[in-house]
Amino acid sequence: MSAPLTENLPYTRQEMMAIATGRELRDGELAIFGVGLSMLAGYFAQAHHAPNIRAMTEGGVYGATPVGGLPWGIECNRISANATSFTNALDALGFLVASGRCDVGIIGAAQVDKFGNVNTTGIWDGEIGDRYRLPKTRLTGAGGANDIACGAGRVVIMVTHEPKRFADQVSYISSPGYLDGGNARDKFGFVGGGPSAIVTTLGILRPDPVSKEFILDAYYAFSSVDEIRAATGWDLKVSPTVHVVPEPSPEELAALRRVDETGALRK
Amino acid sequence: MPANKLIPLAEAVRRYTRDGIQYASGAALPVGSDAVVFGRELLRQKRKNLHAVFHCNTQQLNLLAGAGAVDKAECGFSGLEVFGFANGLRRAVESGQTALEDYSNLAMALRLLGGAMNWPFVPATVNIGSDIQQRSAFAPDEYPATRKIPTVTDPFSGQEIGAFSPLKPDVAAIHVSLADPLGNAIMLGTEWSRFELSRAAKKVILIADAIVDTDCMRQYPNLVRIPDIVVEAVVYHPFAAWPQSSPGFYDVDEAHMKLMNKALATEEGTADYVRDYVERYDDIDSYLDLIGRDNVERLSNSATSFLLDPYRQWIKTPAEIAALTAEVTA
Chain A
1 MSAPLTENLP
11 YTRQEMMAIA
21 TGRELRDGEL
31 AIFGVGLSML
41 AGYFAQAHHA
51 PNIRAMTEGG
61 VYGATPVGGL
71 PWGIECNRIS
81 ANATSFTNAL
91 DALGFLVASG
101 RCDVGIIGAA
111 QVDKFGNVNT
121 TGIWDGEIGD
131 RYRLPKTRLT
141 GAGGANDIAC
151 GAGRVVIMVT
161 HEPKRFADQV
171 SYISSPGYLD
181 GGNARDKFGF
191 VGGGPSAIVT
201 TLGILRPDPV
211 SKEFILDAYY
221 AFSSVDEIRA
231 ATGWDLKVSP
241 TVHVVPEPSP
251 EELAALRRVD
261 ETGALRK
Chain B
1 MPANKLIPLA
11 EAVRRYTRDG
21 IQYASGAALP
31 VGSDAVVFGR
41 ELLRQKRKNL
51 HAVFHCNTQQ
61 LNLLAGAGAV
71 DKAECGFSGL
81 EVFGFANGLR
91 RAVESGQTAL
101 EDYSNLAMAL
111 RLLGGAMNWP
121 FVPATVNIGS
131 DIQQRSAFAP
141 DEYPATRKIP
151 TVTDPFSGQE
161 IGAFSPLKPD
171 VAAIHVSLAD
181 PLGNAIMLGT
191 EWSRFELSRA
201 AKKVILIADA
211 IVDTDCMRQY
221 PNLVRIPDIV
231 VEAVVYHPFA
241 AWPQSSPGFY
251 DVDEAHMKLM
261 NKALATEEGT
271 ADYVRDYVER
281 YDDIDSYLDL
291 IGRDNVERLS
301 NSATSFLLDP
311 YRQWIKTPAE
321 IAALTAEVTA
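Same order as they appear, the protein sequences are chains A and B.
In terms of the working numbering, the first sequence opens at residue 1 and continues consecutively.
In terms of the working numbering, the second sequence opens at residue 1 and continues consecutively.
If you are wondering where the hints come from, they were derived from the structure by calculation, not from laboratory data.
Be aware that one or more of the hints could be misleading.
[Said to hold, decoys possible] SDA-like mimics (lysine to any residue), calculated; alpha carbons at most 25 Å apart, straight line:
1) 187/A with 97/B
2) 136/A with 142/B
3) 202/B with 317/B
4) 187/A with 143/B
5) 72/B with 171/A
6) 136/A with 97/B
Could you build the full structure based on these sequences and the hints that come with them?
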């Protein structure tokens, strides 16, 4: 879906989301990016404030930065043209993520719920029920996002903020967040810590430290608490310290647009 | 003594595939390497009821499923990345024609590793706790699913984890950049899970964008991740991955990726696509004509072309390859 140009602002909502996501990454971290917008957000961080980030994709493509615009896939020639190492899925998703070595991952979502569980598998009308019936709309499946959600130190989820995408409970958990909340992840012994933020086209949600329910942490210059609550499919709680996210600086926008050469975030 | 294994594509499909087999593609995700042309030939020879093992969906699975040739599929990722949902596969799943069993991308690689090692199962520290474990398209009445990723106990820590079932596909058609006539292969770009698959599959067929002299392999033996001793047959086919990309050789054909996926969204569009792009060529030359010679030239002008430089001196000409192929089929 195309992002409307934000009223009277020199950037789009998708660009704000990408920059806010990129700000979650710190210099020097071992980071894994999913396909599409996640990759732009990650490489923006590298181009701007995290030059020593150790970036990889789940294909085992290392030392590369995209050339010629948003890669069509994590193995696309646009990301294979200047790599220093090509390995494989077992290496990237296994040795470097399932092992617990990876600091942070960025994943997308078709649907996310209040505990940060992600559905990218299918849309059913209502609950699936006891029989695994056919989906009304089949989506893409988990890909490597399940592995990143289980194994990365923390995970940033990037998603367009619409009511249908923000469900009280996803109909299918493709990639685990905090499951039923609280310490539910402990039962499975995941080496990764779970999602640290849901960064959207309207604001940033972060988990309550105890209940692990996502609450509104920040909104953008062009959005508001009311707008975000109205676009969320559960009764979204608001942090007592809710605040406005700083707008993109000229340097941030310039760095993002160098990475997003074909303007995928401006369409 | 290793032998020359070069055979034509149609002969490879005739000799090594049957209806109902467990068929694996050796690919690098939905946009990169994959022997999409092998899938076209499976349709030309009317293969059906396939059990497809695709680490990720590609345009090959999208086409095979869209054309109704796939009863079961197992995948980690079933879209087309930035090109969107895979309309042919999606239609087949939504209609019930294809039962699609979901895993994650690491899970598929681990299951192939398990098959290659002849392990009874592979410990699962991912996919557990999610609906990938709870829901099975192959056993839809069982909830929670008990045979897909059963719970087992780590005998050392006592932690509950899962068990993945190993994969040993009947046949794997693995796309490689360079192969010699004996079946030694070099892959440019990510190998994804082609290394494990080449040891897990019962029979391996290589589909190579170029054929090189064995001297090339002797120069770079560390890069030969698939050795001839696990390979049954070698097929030479330029633009084998089209419309997907092959690092060093050609970029993704964006227009055809979209055209193909749009066609596969309907039964009628799929029939048209099969008529126009599956049945309408007879050999490599007419296949390249179908892609369009200008298009072939444009796609070959890739930012990755330099990756091929070290190997160019050993690449065999079409005439040399034809002579070698004639030796085998004679």
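Pair hint outcome, residue 136/A versus residue 142/B [Cα-Cα no greater than 25 Å]: holds (20 Å)
Restraint check for residue 202/B with residue 317/B, where alpha carbons must lie at most 25 Å apart: Given that 25 Å is the threshold and the Cα spacing comes to 31 Å, the pair is violated.
Distance restraint between residue 187/A and residue 97/B, which requires alpha-carbon spacing of 25 Å or less: Roughly 37 Å between the alpha carbons, so the hint for residue 187/A and residue 97/B is violated.
Restraint status (C-alpha distance of residue 136/A to residue 97/B at most 25 Å): Holds. Residue 136/A to residue 97/B sits at ~14 Å (cutoff 25 Å).
Given pair status - residue 171/A, residue 72/B, alpha carbons within 25 Å: Holds, at about 23 Å.
Residue 187/A paired with residue 143/B [C-alpha distance capped at 25 Å]: Measuring from Cα to Cα gives roughly 19 Å; hence the hint holds.
In summary, the structure is inconsistent with hints 1, 3 from the numbered list given earlier, while agreeing with the others.
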